[in-house]
Structures are given as structure tokens and as C-alpha cells.
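Listed here are the chains, written in short residue letters.
Number of protein chains: 2
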Amino acid sequence: MKTVTLHPGKDGAGVVRRTVLPGGLRVVTETMPTVRSVAVGMWVGIGSRDEAPEHMGATHFLEHLLFKGTATRDAMEISASIEGIGGEINAFTAKEYTCYYARVLDEDLPVAVDVLADVVTSSLITADDVDSERGVILEEIAMHDDDPSDVVHEQFAAALYGDSPIGRPILGTVESINALGRDRIAEYYQRYYQPRRTVVSVAGNINHEQVVELVARAYERAGALGGPLECDPPRTSGPGAETHSGVSVLDRPTEQANLVLGTTGMSRTDERRFALGVLNSALGGGMSSRLFQEIREKRGLAYSAYSYTSAYADTGQFGIYVGCLPSKIDEVLKICRDEVSRVVEEGLTEEEILRGKGQMRGGLVLGLEDTGSRMSRIGKNELVYDELLSVDEVLARIEAVTPDELAAVAADVLNRPRTLAVIGPYGDKDFTTAIS
Amino acid sequence: MKTVTLHPGKDGAGVVRRTVLPGGLRVVTETMPTVRSVAVGMWVGIGSRDEAPEHMGATHFLEHLLFKGTATRDAMEISASIEGIGGEINAFTAKEYTCYYARVLDEDLPVAVDVLADVVTSSLITADDVDSERGVILEEIAMHDDDPSDVVHEQFAAALYGDSPIGRPILGTVESINALGRDRIAEYYQRYYQPRRTVVSVAGNINHEQVVELVARAYERAGALGGPLECDPPRTSGPGAETHSGVSVLDRPTEQANLVLGTTGMSRTDERRFALGVLNSALGGGMSSRLFQEIREKRGLAYSAYSYTSAYADTGQFGIYVGCLPSKIDEVLKICRDEVSRVVEEGLTEEEILRGKGQMRGGLVLGLEDTGSRMSRIGKNELVYDELLSVDEVLARIEAVTPDELAAVAADVLNRPRTLAVIGPYGDKDFTTAIS
Numbered sequence: 044m045k046t047v048t049l050h051p052g053k054d055g056a057g058v059v060r061r062t063v064l065p066g067g068l069r070v071v072t073e074t075m076p077t078v079r080s081v082a083v084g085m086w087v088g089i090g091s092r093d094e095a096p097e098h099m100g101a102t103h104f105l106e107h108l109l110f111k112g113t114a115t116r117d118a119m120e121i122s123a124s125i126e127g128i129g130g131e132i133n134a135f136t137a138k139e140y141t142c143y144y145a146r147v148l149d150e151d152l153p154v155a156v157d158v159l160a161d162v163v164t165s166s167l168i169t170a171d172d173v174d175s176e177r178g179v180i181l182e183e184i185a186m187h188d189d190d191p192s193d194v195v196h197e198q199f200a201a202a203l204y205g206d207s208p209i210g211r212p213i214l215g216t217v218e219s220i221n222a223l224g225r226d227r228i229a230e231y232y233q234r235y236y237q238p239r240r241t242v243v244s245v246a247g248n249i250n251h252e253q254v255v256e257l258v259a260r261a262y263e264r265a266g267a268l269g270g271p272l273e274c275d276p277p278r279t280s281g282p283g284a285e286t287h288s289g290v291s292v293l294d295r296p297t298e299q300a301n302l303v304l305g306t307t308g309m310s311r312t313d314e315r316r317f318a319l320g321v322l323n324s325a326l327g328g329g330m331s332s333r334l335f336q337e338i339r340e341k342r343g344l345a346y347s348a349y350s351y352t353s354a355y356a357d358t359g360q361f362g363i364y365v366g367c368l369p370s371k372i373d374e375v376l377k378i379c380r381d382e383v384s385r386v387v388e389e390g391l392t393e394e395e396i397l398r399g400k401g402q403m404r405g406g407l408v409l410g411l412e413d414t415g416s417r418m419s420r421i422g423k424n425e426l427v428y429d430e431l432l433s434v435d436e437v438l439a440r441i442e443a444v445t446p447d448e449l450a451a452v453a454a455d456v457l458n459r460p461r462t463l464a465v466i467g468p469y470g471d472k473d474f475t476t477a478i479s
Numbered sequence: 044m045k046t047v048t049l050h051p052g053k054d055g056a057g058v059v060r061r062t063v064l065p066g067g068l069r070v071v072t073e074t075m076p077t078v079r080s081v082a083v084g085m086w087v088g089i090g091s092r093d094e095a096p097e098h099m100g101a102t103h104f105l106e107h108l109l110f111k112g113t114a115t116r117d118a119m120e121i122s123a124s125i126e127g128i129g130g131e132i133n134a135f136t137a138k139e140y141t142c143y144y145a146r147v148l149d150e151d152l153p154v155a156v157d158v159l160a161d162v163v164t165s166s167l168i169t170a171d172d173v174d175s176e177r178g179v180i181l182e183e184i185a186m187h188d189d190d191p192s193d194v195v196h197e198q199f200a201a202a203l204y205g206d207s208p209i210g211r212p213i214l215g216t217v218e219s220i221n222a223l224g225r226d227r228i229a230e231y232y233q234r235y236y237q238p239r240r241t242v243v244s245v246a247g248n249i250n251h252e253q254v255v256e257l258v259a260r261a262y263e264r265a266g267a268l269g270g271p272l273e274c275d276p277p278r279t280s281g282p283g284a285e286t287h288s289g290v291s292v293l294d295r296p297t298e299q300a301n302l303v304l305g306t307t308g309m310s311r312t313d314e315r316r317f318a319l320g321v322l323n324s325a326l327g328g329g330m331s332s333r334l335f336q337e338i339r340e341k342r343g344l345a346y347s348a349y350s351y352t353s354a355y356a357d358t359g360q361f362g363i364y365v366g367c368l369p370s371k372i373d374e375v376l377k378i379c380r381d382e383v384s385r386v387v388e389e390g391l392t393e394e395e396i397l398r399g400k401g402q403m404r405g406g407l408v409l410g411l412e413d414t415g416s417r418m419s420r421i422g423k424n425e426l427v428y429d430e431l432l433s434v435d436e437v438l439a440r441i442e443a444v445t446p447d448e449l450a451a452v453a454a455d456v457l458n459r460p461r462t463l464a465v466i467g468p469y470g471d472k473d474f475t476t477a478i479s
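Protein sequence lines, in the order shown, are assigned to chains R and C.
Counted from 1, the first sequence has number 407 at position 364 by this note's numbering; the numbering is strictly sequential.
Counted from 1, the second sequence has number 414 at position 371 by this note's numbering; the numbering is strictly sequential.
I should point out that these hints are in silico values taken from the structure, not numbers from a laboratory.
Bear in mind that the values here come from a model prediction, so they are computed numbers and not experimental data.
Ideal placement from N, C-alpha and C gives every residue a C-beta, glycine not left out.
Among the hints, erroneous ones may be present.
[Claimed, not checked] One side of the interface only, derived from the structure: several residues of chain R facing chain C at Cβ under 7 Å:
id, residue
1, 77
2, 78
3, 80
4, 129
5, 130
6, 169
7, 293
8, 298
9, 345
10, 346
11, 401
12, 405
[To be verified] Stretch by stretch, here's where chain R covers chain C in the computed footprint (C-beta under 8 Å, at least three residues):
id, segment
13, 127 to 136
14, 160 to 167
15, 189 to 201
16, 312 to 319
17, 340 to 353
[Claimed, not checked] Pair ranges (Cβ atoms, derived):
id, chain 1, residue 1, chain 2, residue 2, range
18, R, 54, C, 95, 54 to 60 Å
19, C, 410, R, 56, 19 to 25 Å
20, C, 475, R, 370, 35 to 41 Å
21, R, 473, C, 377, 46 to 52 Å
Using the sequences provided together with the hints, build the complete structure.
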């Protein structure tokens with residue numbers, strides 16, 4: 044058992060420490076002595092992009108099933124144990140990891156650790172529960188399908204990455220969910236939910252030694268402390284996910300058209316990601332951004348218009364989203380293309396660069412005042428990065444971005460082949476010129 | 044100028060003070076000395092239910108226009124001044140009030156106060172801006188219309204309150220927005236945005252005297268300090284909003300049916316509101332609630348199933364929301380009716396009452412750790428309540444709810460005439476038995 048201090052913090056706050064337990068289970072904590080609560084996350088390094096075709100949707104299905112019952116608690120006991128003390132418990136599945144988390148008053152930390160460790164290590168996954176939860180997941184798919192602003196983002200990923208694990212929907216499809224049986228999901232659980240691939244992250248009014256002891260005890264009780272240190276990396280689709288350029292149109296009688304116009308972005312470890320962040324802020328990151336000003340403020344063509352980046356181990360996305368009345372789409376697409384070209388040709392103004400940096404800086408600092416976001420930051424970092432940058436280090440990297448770097452990143456990313464996803468009442472309207 | 048301490052706090056944290064400036068402008072603050080940020084809100088006591096028919100949608104339209112330009116700042120300067128320092132600025136319109144807010148680092152408090160006071164007191168509302176923003180609002184309406192889970196809640200309010208201001212959509216309708224001209228909106232602004240009807244609330248790492256001075260200076264510079272202390276209460280539809288029972292079905296080819304089954308609830312000042320809160324938590328407030336257990340955990344009939352309450356000055360709503368595949372709706376409605384009847388006839392179990400209280404308690408405490416939620420609590424309270432209960436007082440009221448009170452509230456609210464709103468592919472299917 045080895046404990047290291049990753050960041051010394053200041054006056055007892057912001058101290059980040061990591062202990063590795065037998066079997067490779069990692070526990071990272073951050074102290075926030077002025078709050079009364081704690082956030083606890085258990086991060087498993089397995090996501091939807093790790094699914095073989097016969098497992099499509101299994102990662103998310105499993106996330107649901109882990110709340111259905113363990114050797115010692117049924118579904119009601121799992122939720123009641125946390126909700127009865129005024130806490131919340133939930134989970135989410137991403138393309139590269141799955142996270143189970145709870146937020147409770149600091150004195151209730153032992154309950155949160157105990158319940159989360161129980162579901163992560165000791166779920167039963169009965170055939171009955173699989174069948175009942177299948178219905179819930181089919182409802183979730185239907186719900187997403189009714190929201191065009193959700194659909195268009197999945198459509199964009201599918202167009203960009205094609206029919207590969209990272210391009211597929213996290214929820215799976217109606218067909219894949221209907222095809223998944225109990226045994227296949229249980230086997231997936233046994234194989235991938237190992238301590239070696241798990242990070243427990245806790246932020247709030249805590250003491251690192253106490254957290255480590257609680258986690259160790261809970262895992263030991265479950266017989267899950269120890270185990271093989273080596274396990275094959277599950278990733279099936281990296282590095283170097285294949286990408287495609289093209290147009291995907293979904294003909295639907297919606298009131299608004301929804302579109303995503305974008306390209307590949309940068310991987311999570313790309314050194315230029317801070318420059319891409321500043322570029323993204325200036326181009327479409329807020330109300331003062333170019334796209335918002337041109338599309339909404341000056342012309343009233345949309346309510347929602349923004350750009351975004353997302354990053355994975357080996358690839359990333361850069362996209363512009365706009366929702367607008369179907370009749371406005373050609374004008375909106377022209378503005379998007381023109382503004383992107385303008386940035387490539389003329390660069391950003393000094394003012395825009397300053398504002399972009401200010402926005403990134405503020406978003407980071409203001410976004411880290413609650414226990415949940417601190418817990419997420421250290422947990423996700425431990426799982427997917429080699430190093431944990433301190434907040435100050437991240438701020439310094441943002442500050443250090445130069446106009447030349449910005450110009451280079453713009454010339455690279457914004458000139459990549461484009462992909463367009465559109466949902467709206469368009470029949471067989473041809474959008475190919477929009478990406479030329 | 045009169046300053047009172049509403050709550051003494053503890054060790055310098057949680058101190059709530061109020062100062063009334065000339066003209067009746069109220070400034071309330073709460074100290075949170077351990078954070079690095081501040082949240083500033085300007086609350087105007089005017090909402091969509093205060094609109095005469097010819098003003099329908101004007102409150103929300105105005106909220107948009109206040110970001111378009113003042114005597115000294117254009118739209119770009121308004122957003123850039125806050126975003127450039129890493130802050131966020133936004134606003135929302137409710138049925139009984141409108142709120143403009145910003146969140147910034149504590150050292151930037153003067154900027155936030157200055158910009159918000161500027162937009163609230165000195166917006167120009169030009170005809171050009173009205174026309175351009177009209178397009179944005181029509182987009183917003185179309186966006187909402189594409190989300191059936193949004194639509195069904197508006198549909199429920201319309202069915203419950205009929206064609207009265209409180210039953211109408213906050214955004215207005217395509218027709219009402221197209222009919223609103225510059226002069227009518229400007230007149231609405233002049234008439235209702237008075238200091239007497241405004242509360243400035245600030246929470247974070249602040250000093251009350253400094254906040255008061257900044258607000259006074261900003262309002263004075265705008266010529267908005269002082270003015271008549273008396274103004275007619277604008278409310279046109281209270282007290283005693285008329286309510287209706289009935290069924291509203293919207294036939295749409297959605298993947299999921301969305302339904303709200305409910306009744307009137309309780310007004311914001313009803314002494315029994317804490318009992319209704321506990322009842323609501325136990326019936327549909329979380330994953331351990333009866334409705335979630337019966338509909339989702341046991342039968343897998345829905346992804347989202349919950350109950351909720353909302354409260355206004357003179358009325359309120361109690362509703363159950365479920366999204367489910369269209370073929371499941373009869374079964375879901377039967378469970379909703381059965382569970383409601385069971386609560387009325389048999390009451391809640393001791394365990395459910397404890398859990399309901401724990402959930403309300405925890406939700407309150409955990410929900411008040413950030414500056415934004417503290418700012419909202421004190422600002423909204425100052426505007427709509429006669430007194431500001433401390434968090435401890437609210438916790439004591441929740442704790443004090445007795446089984447007898449719960450039984451009485453259940454027997455009252457859950458036996459009221461019911462209203463059902465449904466959106467889904469139902470043609471002219473008859474749902475009247477569902478509310479009998």
C-alpha cells in the first residue's frame with residue numbers, strides 16, 4: 044500500500060492524495076474542509092467504445108443492473124440507504140469509462156462508500172432483473188429518440204466515426220438491447236469490473252486515511268481486494284480511430300432543424316488542447332463568441348448556437364451546433380462556414396484571445412467549487428491521464444497559449460475534412476455543398 | 044437607508060443582511076467566506092402571470108431584450124464584460140418573477156453589479172433589437188415544441204388553469220410574439236421595472252456594506268435610485284386562480300408517450316407545504332419512492348417517473364410525470380391511480396415518512412453549498428415571502444411534520460379533482476376514465 048501526495052494544497056484545502064491498494068485499486072481524495080458534504084465516485088475504466096459487436100449496449104445496461112441488487116441489498120435497499128439520509132446516488136456511462144457516484148453529508152461517508160463498493164463489486168445480475176431493466180433501457184432509447192438535439196449529436200458521431208465502437212450510441216440500439224442476454228452481461232461484468240481498472244475518488248470534508256480504510260474494508264468484505272494486477276486493456280478501437288467526412292440527413296417533421304457541423308478534434312493528451320480550448324471559446328463558447336454574435340445577436344437566426352470540443356484517448360471532436368427554423372438552415376450554414384474561414388485566414392483578434400482565455404480560466408475556477416466537480420476531476424484524471432495537473436498548472440497552460448499556436452491549431456483543425464449531421468423536415472435535400 | 048440582520052450565521056458564514064435603499068430597492072446578502080466567487084441576482088417581481096392579454100409573452104421577451112443594449116453598452120459589451128473575466132451572465136423568466144444573474148470571481152463583484160444594474164435600469168429596447176430578438180424567441184418556442192417532455196408540462200398547466208395568465212406558456216405563442224411591438228414592450232418595462240419591485244441578492248465571499256455601496260452607486264448613476272415607493276401590485280390573476288379538471292390529449296407521432304396526472308397543490312405560504320413536501324418525496328421524489336419502485340424498478344415500464352410540486356402566491360400544482368412507450372400507458376396510469384389511492388387509504392409507512400424527511404433535509408442542505416443556490420434562496424424569498432426562514436428553521440419544520448398532518452394533506456390534495464395531460468400517438472383515444 045503506497046500513498047503519495049499529488050498536490051500539497053493550501054491551508055489544508057485542495058490536498059490531493061493517492062493510495063494504491065492491493066490488486067491495484069486506486070483511491071484518490073481531495074480535501075475541502077469548509078464544506079459539510081462529500082462526493083464519492085467509483086470510476087471503472089470501461090466504456091461503450093470497449094464493446095465487441097455482441098456486447099453493444101452492455102456497458103450502459105450493466106450500469107443500470109448494478110442498482111438492481113447485490114448479495115446483501117435489493118434495489119430498494121440500495122436507493123433507500125442513500126436517499127433516506129438525504130443523499131443522492133446515480134451513475135453514468137461514457138464512451139471510455141463508467142462512473143457510480145453519491146453525494147452525502149460528511150458524517151455519512153461510510154454509508155456512501157459501503158453502498159457504492161457493494162454495487163460495483165457484488166451485484167447479482169439476475170435474469171429477472173435483466174428482463175425488467177431491458178424495458179427501462181428501451182424507454183430510455185425512445186426518450187432520447189424524441190429529442191432531436193440529442194439525436195443530432197449521436198448522428199454526428201456515427202457519421203464521423205462510422206460503424207465502429209466509438210461511433211455507436213452508448214445506449215445501444217433496440218435490436219442490440221433485445222439481443223443481450225443475462226450471461227453475456229454477467230460475463231462482461233466479471234471480466235472488466237476489476238480493482239485494477241477501478242478508481243475511487245472522494246472530495247469534500249474528508250480525511251484521506253479514513254477514506255482509504257473505508258474503501259479497503261468494503262472491498263475486503265466483498266472479497267475484491269487483491270486479485271491480478273495485470274489485465275488486458277479492453278479497448279478495441281484505439282489508437283487511431285478511423286474517421287470519415289460526409290453528410291448525414293435525418294428527415295423528420297420537427298419544428299426546428301438541428302445541425303452539427305464539425306471535424307475531428309484532438310485527443311485528451313494532445314499538447315495543443317489548451318490552444319484548441321481558447322479557439323473554441325472565441326469561436327462559439329459563449330454569448331460574446333463569434334458564432335453567437337453572428338447567428339443570434341445580429342441576425343436572430345437561432346436560440347442555441349455554440350461550438351464544443353470533446354476528447355478521447357486517441358481522437359477527439361470539434362463541432363458547431365445550431366438549432367434553427369428549417370427555412371433558415373442555408374443562411375446558418377453559410378455563416379458557420381464563413382466564420383470558420385475567417386478565423387483560419389485572419390486569426391483571432393487580441394481581444395478575442397484574451398476573452399477566450401478568461402472564459403476558460405473562469406469556467407475552470409468557478410466550476411470547481413462543489414464537491415461533485417472536484418471528485419469528478421480527480422477521478423477521471425486518475426483513470427485516463429498519466430498525470431494530474433493542478434488547477435494552477437492548468438491555468439498556467441491556458442495563459443501560455445500564443446497567437447501563433449492558435450493560428451496553427453486553427454489552420455489544422457478548421458481545415459480538416461468536414462462532417463455534417465442534420466435532422467429536420469428536409470426530404471432528400473442535398474447538403475453536400477455545405478461541407479465542400 | 045435601513046439595514047437589518049435577518050440571520051446571524053455562525054463564525055462569519057451564513058450571515059444574512061438586508062438594506063433598503065431609497066425608492067424601496069432591497070439588497071440582501073449572505074456571507075460565504077470560504078469560497079472565491081460571488082453570485083449576484085437582480086430579481087424583478089413581475090412574471091408571465093402578470094401579463095394582460097395584449098402583453099402575452101412580453102415578460103420573457105423583455106428578459107431577452109435587456110441583453111441587447113443599454114445607453115452605454117451594446118450586446119457584445121454586455122456579454123464580453125462578464126465572459127472576458129471568466130464569469131457567466133444569464134436570466135430566466137418565471138410566472139411570478141424575472142431574474143437576471145451573474146457569477147464571477149469575488150474580486151470581480153463590482154463588474155457584475157455594474158453590468159446587471161445597467162441592463163435592469165437602462166436598456167434601450169430599440170425597434171431593430173425587438174425585430175431581431177423576435178426571431179430568437181420564435182426559435183426558442185420551436186425548440187420547446189420539439190421536446191415532448193417540455194410540452195406536456197405546459198399542456199398540464201393550460202388544462203389546470205385554463206386560458207388565464209397563469210395557465211399560459213411563459214414564452215407566449217407564435218401569434219402573441221409576432222403581435223408584440225416595440226412600444227408595448229418598452230411601456231411594460233417602464234411601468235414594472237421599478238426599484239420598489241426589485242431585489243438585489245448577493246451570496247459569496249462578500250461584505251454587505253460594500254455590496255450596498257456598489258448597488259447604490261450603480262442605481263444612482265442610472266438615475267434609478269429613489270422614485271415612488273408605492274406602485275400597484277401588477278398581479279392580474281390572483282388570489283384564487285380558477286382551476287379546472289379534465290383531460291388534454293395532444294396527438295403526436297412520438298416514440299414515447301409523456302403524461303402528467305395531477306391536481307392543484309398548495310400556495311407558497313400554506314403552512315401545510317412541508318407536509319406536502321414529505322408526501323411528495325415518499326410518493327415520487329426519488330429512486331426509493333413508491334412510484335419509481337412500482338413503475339420502473341418492479342415493472343420496467345418507464346425510464347423517468349416522478350412526482351413534483353410547484354407553488355405560487357395563491358395556488359400550486361401537484362403532478363406525477365411519466366414517459367413510457369405508448370402501449371404501456373394504461374398500465375402506467377392504473378399504477379399511478381392505485382398508488383395514490385393506497386396512500387390516501389392506508390397512509391405512508393413510518394419508514395417512508397423517515398425517508399421522505401431525510402430526502403427533503405438532504406436536498407436542502409446539499410443543494411445550498413454553492414453561491415448560486417444561496418443567492419437564489421435569499422433573493423426569491425425576499426421577493427415573494429414575508430419572512431426569510433433560516434435553513435435550520437426549514438429543517439425544523441420538516442422534522443415537525445406528523446403522520447396525522449400527512450394523512451390530512453393526502454386526504455385533501457390527492458382527492459382533489461384530477462387533470463391529465465398526455466402527448467403521444469393516440470388519435471382520439473379516450474382517457475376520461477383515467478381521472479375518474
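Next item on the list: With chain C as the partner, please determine if residue 129 of chain R meets the hint condition of a C-beta pair closer than 7 Å.
Entry: holds (2 Å)
Notebook entry, point to check: Given residue 80 of chain R was flagged as interface, is its beta-carbon under 7 Å from a beta-carbon of chain C?
Noted result: holds (6 Å)
Item checked: Interface hint status, residue 346 of chain R versus chain C (Cβ within 7 Å) -> holds (4 Å)
Next item on the list: Go through the hint on residue 405 of chain R and say holds or violated, using the shortest Cβ distance to chain C against 7 Å.
Entry: holds (2 Å)
Check: Can we keep the residue 345 of chain R interface hint, with Cβ of chain C closer than 7 Å?
Finding: holds (5 Å)
Note to self: Given residue 78 of chain R as an interface hint, is its Cβ closer than 7 Å to any Cβ of chain C?
What the structure shows: At 6 Å from the nearest chain C Cβ, residue 78 of chain R passes the 7 Å test, so the hint holds.
Note to self: Verify the CB-CB distance for residue 410 of chain C and residue 56 of chain R against the hinted window 19 to 25 Å.
What the structure shows: Holds, at about 22 Å.
Next item on the list: Quick one: see if chain R covers the segment 127 to 136 of chain C, three-plus residues with Cβ-Cβ under 8 Å.
Entry: holds (count 6)
Next item on the list: Closer than 8 Å, Cβ to Cβ, for at least three residues: run that test on the segment 160 to 167 of chain C against chain R and report holds or violated.
Entry: That given contact is violated, which follows from only 0 residues of the segment 160 to 167 of chain C lying within Cβ reach (below 8 Å) of chain R.
Next item on the list: Evaluate the given range 35 to 41 Å for the C-beta pair formed by residue 475 of chain C and residue 370 of chain R.
Entry: holds (40 Å)
Notebook entry, point to check: Any CB of chain C closer than 7 Å to the CB of residue 130 of chain R?
Noted result: Holds, because the Cβ-Cβ distance from residue 130 of chain R to chain C comes to roughly 6 Å (cut-off 7 Å).
Margin query: Take the shortest C-beta to C-beta distance between residue 401 of chain R and chain C; is it under 7 Å?
Written below: holds (5 Å)
Of the numbered hints stated above, those contradicted by the structure are hints 6, 7, 14 and 16, listed in ascending order.
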